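Produce the entire structure from the sequences given, and follow the hints as far as they go.
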Amino acid sequence: DAGITQSPRHKVTETGTPVTLRCHQTENHRYMYWYRQDPGHGLRLIHYSYGVKDTDKGEVSDGYSVSRSKTEDFLLTLESATSSQTSVYFCAIRGGVSYEQYFGPGTRLTVT
Amino acid sequence: AQRVTQPEKLLSVFKGAPVELKCNYSYSGSPELFWYVQYSRQRLQLLLRHISRESIKGFTADLNKGETSFHLKKPFAQEEDSAMYYCALGGSEKLVFGKGTKLTVNP
Numbered sequence: 001d002a003g004i005t006q007s008p009r010h011k012v013t014e015t016g017t018p019v020t021l022r023c024h025q026t027e028n029h030r031y032m033y034w035y036r037q038d039p040g041h042g043l044r045l046i047h048y049s050y051g052v053k054d055t056d057k058g059e060v061s062d063g064y065s066v067s068r069s070k071t072e073d074f075l076l077t078l079e080s081a082t083s084s085q086t087s088v089y090f091c092a093i094r095g096g097v098s099y100e101q102y103f104g105p106g107t108r109l110t111v112t
Numbered sequence: 001a002q003r004v005t006q007p008e009k010l011l012s013v014f015k016g017a018p019v020e021l022k023c024n025y026s027y028s029g030s031p032e033l034f035w036y037v038q039y040s041r042q043r044l045q046l047l048l049r050h051i052s053r054e055s056i057k058g059f060t061a062d063l064n065k066g067e068t069s070f071h072l073k074k075p076f077a078q079e080e081d082s083a084m085y086y087c088a089l090g091g092s093e094k095l096v097f098g099k100g101t102k103l104t105v106n107p
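Chains as they are written, first to last, in this note's numbering: chain A, 1 to 112; chain B, 1 to 107.
Just so you know, these hints were derived from the structure itself, not from any lab.
Remember, predicted model here, so these are calculated numbers, not experimental data.
You can trust all of the hints, since none of them are fake.
Just the calculated beta-carbon pair ranges, DEER-fashion:
no., chain 1, residue 1, chain 2, residue 2, range
1, A, 71, B, 26, 29 to 35 Å
2, A, 16, B, 106, 41 to 47 Å
3, A, 77, B, 41, 21 to 27 Å
4, A, 65, B, 46, 26 to 32 Å
Ideal Cβ placement from N, Cα and C applies to all residues, glycine included.
This is the structure in C-alpha cells:
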C-alpha cells in the first residue's frame, strides 16, 4: 500500500462548513496528489505538490485549497463545502523516476 | 496536449472468454503508459506498466506507438477480474487518466 493513509475515511458534513482531509505518507516521496472520483468523470486532479510548500492546481481546483508544511502530510481543504463536492477523494504519491503513482484508500465525503 | 481515451464505459464478458479493454492516447513525446485496477470501493492499484512488459494476473498490454494504443488483454477472463480499469499516461509531473472501463465477468 506504499505507506499512504487518509483521514477521515468517511465524513458527512453540511453545506457551508469547512472540511479538511489529510493524506499521510511514510515513504518520504516528493510528489503528492489529490483527486476526486465521480461516476462518469473518472479521476480528476484537484491539486498536487512537488515539495514542501510547493503546490500547483489541477483541472478541478476551484473551491479547494491545499497545504504541505512537511513532506509526509498533504492537506486538502474545502473552505465552504457544497453539495457538488460530494465525492470520493483519493490521495496519491509518486515514487522515484517513473511517473507511476500509488493511491491511498480514499475518503468518502458527503455534503448535505 | 496529453489525452487518454477509453472508448468503452462498460464491458461485459462471460467467464473463460477473452477480454480486451481499449486505450488510446495522444502525446507528442515519449509516453509512459499504465493500467490501474479498482475493485469495488477500494483504492486504485497499479496493474501494469508498459516499460516492464510484464504479465500480472494474466493480463498483458503492449504499447503500439504507430496506433497510439495500449490495450489491455486477457485470454480467459475470471469472475474476480470484474472491476473498474483505468488507463493512464505519464509524461510530465501529472498522470492523465482515461475515464475508465467497468468490466463485468459473468459466470
